[in-house]
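If you read the protein sequences in the order shown, they are chains A and B. If you count by full-length UniProt numbering, then the first sequence holds residues 1 to 309, one letter each, in order. If you count by full-length UniProt numbering, then the second sequence holds residues 1 to 309, one letter each, in order.
There could be a bad hint or two in this list.
Derived CB-CB ranges, DEER-like [to be verified]:
hint: 1; chain 1: A; residue 1: K303; chain 2: B; residue 2: P23; range: 53 to 63 Å
hint: 2; chain 1: A; residue 1: P44; chain 2: B; residue 2: R41; range: 36 to 46 Å
hint: 3; chain 1: A; residue 1: D40; chain 2: B; residue 2: R185; range: 48 to 58 Å
hint: 4; chain 1: A; residue 1: S219; chain 2: B; residue 2: D146; range: 41 to 51 Å
These are computed hints drawn from the structure, not numbers from a lab. Backbone N, C-alpha and C define an ideal beta-carbon position, used for all residues, glycine too.
Chain by chain, the residues run as shown.
2 protein chains.
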Amino acid sequence: MPLPSPSAAVDHAAPFPTVGDDPHGAIIEAALQRCLPGEDRCPPLLAEALRYTVLGPGKRLRPRLVLMAAEACGGDAPAALPAACAVELIHAYSLAHDDLPAMDDDDLRRGRPTCHKRFDEATAVLAGDALQPLAFELLAGLSPADTAARCCAELARAAGAEALVGGQVDDLAGAEALVETQQLRQRLERIHARKTGAMITVSLRLGAIVAGASQEILSTLTAFGERLGLLFQVTDDLLDATGDAEEVGKRTGKDEGRGKLTYPVLMGVEATREFADRTAAEALQSLEPLDATADPLRALVDKVHHRSH
Amino acid sequence: MPLPSPSAAVDHAAPFPTVGDDPHGAIIEAALQRCLPGEDRCPPLLAEALRYTVLGPGKRLRPRLVLMAAEACGGDAPAALPAACAVELIHAYSLAHDDLPAMDDDDLRRGRPTCHKRFDEATAVLAGDALQPLAFELLAGLSPADTAARCCAELARAAGAEALVGGQVDDLAGAEALVETQQLRQRLERIHARKTGAMITVSLRLGAIVAGASQEILSTLTAFGERLGLLFQVTDDLLDATGDAEEVGKRTGKDEGRGKLTYPVLMGVEATREFADRTAAEALQSLEPLDATADPLRALVDKVHHRSH
């Protein structure tokens with residue numbers, strides 16, 4: 001299938017989701033730029049690949065969640081910026097590795113050539129490898145030290161074998177051996193919980209931890225994160241099944257083409273839309289214990305629910 | 001070139017370097033086994049690949065350095081075990097990724113098939129990806145929290161773009177554009193400092209930090225680590241140029257075969273041996289401020305200097 005060329009008609013760098021006047025977009029971009037090493041500190045090729053991988057167009061959903069959660073817990077966004085950058089670095093590395101020929105073999109990401117197409121496979125592997133320690137270095141610099149250590153431990157679990165990486169292994173393994181719909185559904189939910197849910201949930205938790213939130217509020221945000229993560233994945237599946245590649249910014253229809261397990265494959269497009277509606281309602285409901293400072297998180301649910309890329 | 005089959009005649013699992021009765025070997029192996037997630041916590045394929053990558057035969061040089069440094073600073077080995085495992089996990093991940101077809105394309109490592117030959121490329125990438133956060137999770141659990149945060153920050157820098165990963169990028173880039181011996185020598189030293197020296201030095205530093213060492217002792221161990229790292233790399237180059245594949249446990253002669261920059265290529269085998277002798281002497285000299293508790297580190301210099309694998 002020929003790849004669509006990136007189009008200026010869709011701005012994949014547009015802040016997503018746009019909440020009010022998007023107070024977080026600019027400070028996230030500036031902080032991401034600042035945290036990457038320049039050519040004076042690492043090989044120029046690596047510095048370039050890191051900038052390409054991290055600073056390309058992106059929705060910045062996870063760092064926005066960090067900042068929104070910090071503010072919903074009475075903290076301020078600037079103090080949570082290292083944690084915001086850390087989750088985006090992990091996300092960016094995981095995309096660069098998932099796109100590799102040995103894995104999803106994707107040529108297009110966020111409307112541009114993937115890292116291994118723009119550079120080469122070795123550089124894509126190594127750029128991803130360098131982003132992981134950088135994320136932990138940012139968290140290790142948080143103050144006080146117990147916040148730093150706690151954030152490192154939380155991100156490590158979300159990015160590790162039991163969550164992010166385990167989800168990708170499950171995702172690649174396919175579902176050949178499973179024949180019953182109930183088994184398939186359970187498997188799909190586990191993949192999503194590991195691959196998407198854990199990083200979305202930990203983003204909210206890191207923001208809350210930096211802001212000194214109570215255990216009760218952490219539990220509320222964890223429950224919210226699980227629903228939001230599921231909503232994000234379900235809408236991602238819908239975009240792949242029904243969306244336009246140019247607008248989505250990456251190849252569409254690829255999931256079905258490679259026999260990948262998705263909600264539309266499992267339950268059909270209409271039932272998947274209804275599932276997304278229910279999940280969005282549950283996400284909003286889980287935020288009830290929080291006051292108006294959590295309104296940006298509520299607005300975000302609607303944006304994810306009705307997104308077109 | 002046909003690969004030699006692993007031979008029982010050379011025990012690549014043999015403790016290296018053997019210091020006295022090898023007090024550290026067994027507790028390092030046990031701690032590495034304990035820290036890896038089982039099949040109850042991550043996909044069985046990933047659990048298996050992690051065990052294969054980490055628990056295979058290995059010299060365990062870096063974790064031994066952590067424990068020796070802790071003891072040389074008046075600390076005890078058990079308290080430093082999480083840090084010892086952390087550096088070995090980072091080392092194991094870097095080997096699995098360096099061996100990939102897109103990089104060094106090696107089939108044999110430590111006398112066994114490399115991770116991507118035993119499993120597949122995707123699994124080798126993902127096993128490596130999962131080992132990085134696990135290393136930081138172990139450090140984040142150290143107590144008190146400021147030790148945890150400091151160790152995370154130190155390992156992050158040593159494993160990041162400016163050190164370990166940057167060294168591999170430089171190493172892959174080759175030296176085509178450089179014609180003067182002086183330029184080549186500088187480049188080679190920078191590659192070694194980044195790729196080998198930084199992780200060896202940080203191993204010593206983590207052990208010392210866990211033991212509560214003074215800034216002065218940290219500086220002493222840092223200077224020692226730089227010489228030991230160089231010695232290790234120079235002897236590695238010599239083994240590749242002159243060693244027997246069966247004994248070394250990996251393909252030899254490959255550096256020259258692929259036009260890789262090494263000390264024997266740059267200065268000849270004899271001058272490289274003399275350089276190794278000088279470097280070993282400097283390493284021992286740098287330990288002078290430390291008392292007899294550092295004797296295992298002194299014995300280690302001799303073992304690295306005269307190693308056959």
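The hints, checked one at a time:
In this structure the hint that A/K303 and B/P23 lie 53 to 63 Å apart at CB holds, the actual value being about 59 Å. Take A/P44 and B/R41: their Cβ atoms lie about 40 Å apart, and the range 36 to 46 Å holds. In this structure the hint that A/D40 and B/R185 lie 48 to 58 Å apart at CB is violated, the actual value being about 21 Å. For A/S219 and B/D146, the hinted distance range of 41 to 51 Å is not satisfied, since their beta carbons lie about 28 Å from each other.
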